[in-house]
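S.K.: Same order as they appear, the protein sequences are chains Y and H.
The first sequence begins at 1 in my numbering and counts up one residue at a time.
The second sequence begins at 1 in my numbering and counts up one residue at a time.
The hints are all genuine.
Computed spacing ranges between beta-carbons, pair by pair:
no.	chain 1	residue 1	chain 2	residue 2	range
1	Y	Ala150	H	His45	25 to 35 Å
2	H	Asp32	Y	Ala4	16 to 26 Å
3	Y	Arg12	H	Asp56	14 to 24 Å
Bear in mind the hints are in silico, worked out from the structure with no lab data behind them.
Remember, it's a predicted structure, so these values are computed and weren't measured experimentally.
Virtual Cβ for every residue (Gly too), placed ideally from N, Cα, C.
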Amino acid sequence: MKPAPFSYFAPRSLHEAVGLLVEHGDAAKVLAGGQSLVPMMAFRLAMPDVLVDLGGVGELEHSRVEGDTLVLGAMTRHRAVQDMGWLRTRCPLIVEGVELIGHPAIRNRGTVGGSLAHADPAAEWPAILLALDGEVDAVGPNGNRTIRAADLFQTYFTTALAPDEILTEVRLPLPDGAPTGSAFVEMARRHGDFAVAGVGTQISLHPNGTIVDARLALIGVADRPVRAGSAEAALRGHGPTEEVFAEAASVAIGEIEPSSDLHGSSDYRRHVAGVLVRRALTIAARRAAAA
Amino acid sequence: MTGAVDITLLVNGKTYTGRAEPRVTLADFLRDELRLTGTHLGCEHGACGACTVLMDGRTVRSCLLFAVQAQGHDLATVEGLAPAGGAEGLHPLQEAFHRMHALQCGFCTPGFLMSAYELLQSNPRPTEEEVRTWLSGNLCRCTGYQNIVEAVLAAAAEPEPEAHQ
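Please construct the entire structure, taking both the sequences and the accompanying hints into account.
M.R.: This is the structure we're talking about:
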């Protein structure tokens with residue numbers, strides 16, 4: 001047993017959970033699936049005095065489709081999303097991203113809301129949310145608010161959530177209308193490791209075959225997941241060809257300045273990101289054409 | 001509140017009670033408090049998979065779960081795999097590991113068995129590729145993976161993989 005001592009609370013409702021966060025302030029930490037927080041506690045990188053376990057808050061475990069939106073309660077396990085067979089064809093970006101998270105035992109415990117609130121810059125869920133222009137709900141002592149994907153991630157492991165707020169629900173707009181294809185690809189040193197770099201993309205085609213909408217979300221290349229806005233603009237109005245994708249990749253890597261670490265230098269990460277952008281676009285375009 | 005609390009767990013169909021601080025992981029509680037030492041601890045931070053157990057039929061890393069969190073859930077450890085115990089009562093997976101030399105020091109074996117058990121429950125006839133991908137979350141540092149993969153495939157090839165815990 002390596003974690004430092006803490007007080008443990010297992011609230012049965014959100015109201016009770018928020019009350020505990022208000023009462024204990026900065027000393028408290030929310031425990032969702034625990035697949036990132038507990039290792040951090042084992043290393044004593046995190047030493048919260050109080051753990052508020054959301055495992056018993058049933059109202060956070062719902063998932064449903066509302067119109068063209070996939071609604072996931074914050075405590076939805078990665079495995080539950082992976083098991084949504086219909087989603088694999090409707091929006092492969094989501095399932096492929098989720099399948100790249102750790103290993104089966106990790107996905108059985110880890111949660112959508114936990115991953116988003118943890119905000120690891122190399123994690124898959126933040127890129128999924130960002131690529132799909134999704135949004136999350138959070139509840140705090142002053143009630144509910146909605147946070148758009150673009151406003152949620154601030155820097156390394158830091159979100160717009162206040163210490164006494166709990167992320168409750170995630171909403172992901174699913175493709176509708178125009179033929180759309182999506183994909184999630186990444187490069188990791190070992191299967192299940194955090195990505196050196198990764199790309200989630202979704203593109204939609206006009207009946208004349210040109211790209212009408214393109215999203216590119218990159219992970220592992222900045223202090224947070226980022227959209228490659230200029231590369232997306234470079235794709236719109238063009239045909240889904242190899243040359244166009246190569247150009248988009250070169251624009252995308254011009255937009256990023258990855259840091260260097262043990263797993264790869266800045267130049268290497270930029271190179272990998274470019275390759276992955278092309279690869280992801282190629283897969284997504286093939287799927288869009290078949291849609 | 002950081003002091004020891006009473007913890008009641010259902011493990012391999014049997015109810016156990018003990019006392020532990022909230023910071024005690026399920027792995028440590030199983031081993032030190034309940035004396036179920038079949039579950040092994042390697043890295044203690046979720047990387048190696050040696051401590052893998054089943055919770056409600058699905059694998060979890062018991063080092064990434066506090067014992068207090070496991071209350072009210074149905075747990076299964078490697079001790080629950082063999083119905084009767086002893087060489088005669090080995091689970092088909094254990095029997096295959098034994099026959100195919102899928103263990104050397106045996107430290108990682110409980111985790112591999114529980115992971116492979118979950119795989120065969122959801123996918124009774126996996127391909128070699130599926131076995132390798134599934135077991136990538138379990139590390140072995142001496143046997144090598146080849147015989148482990150072959151043992152899981154051998155167990156899967158047997159008629160009627162058993163569904164007990």
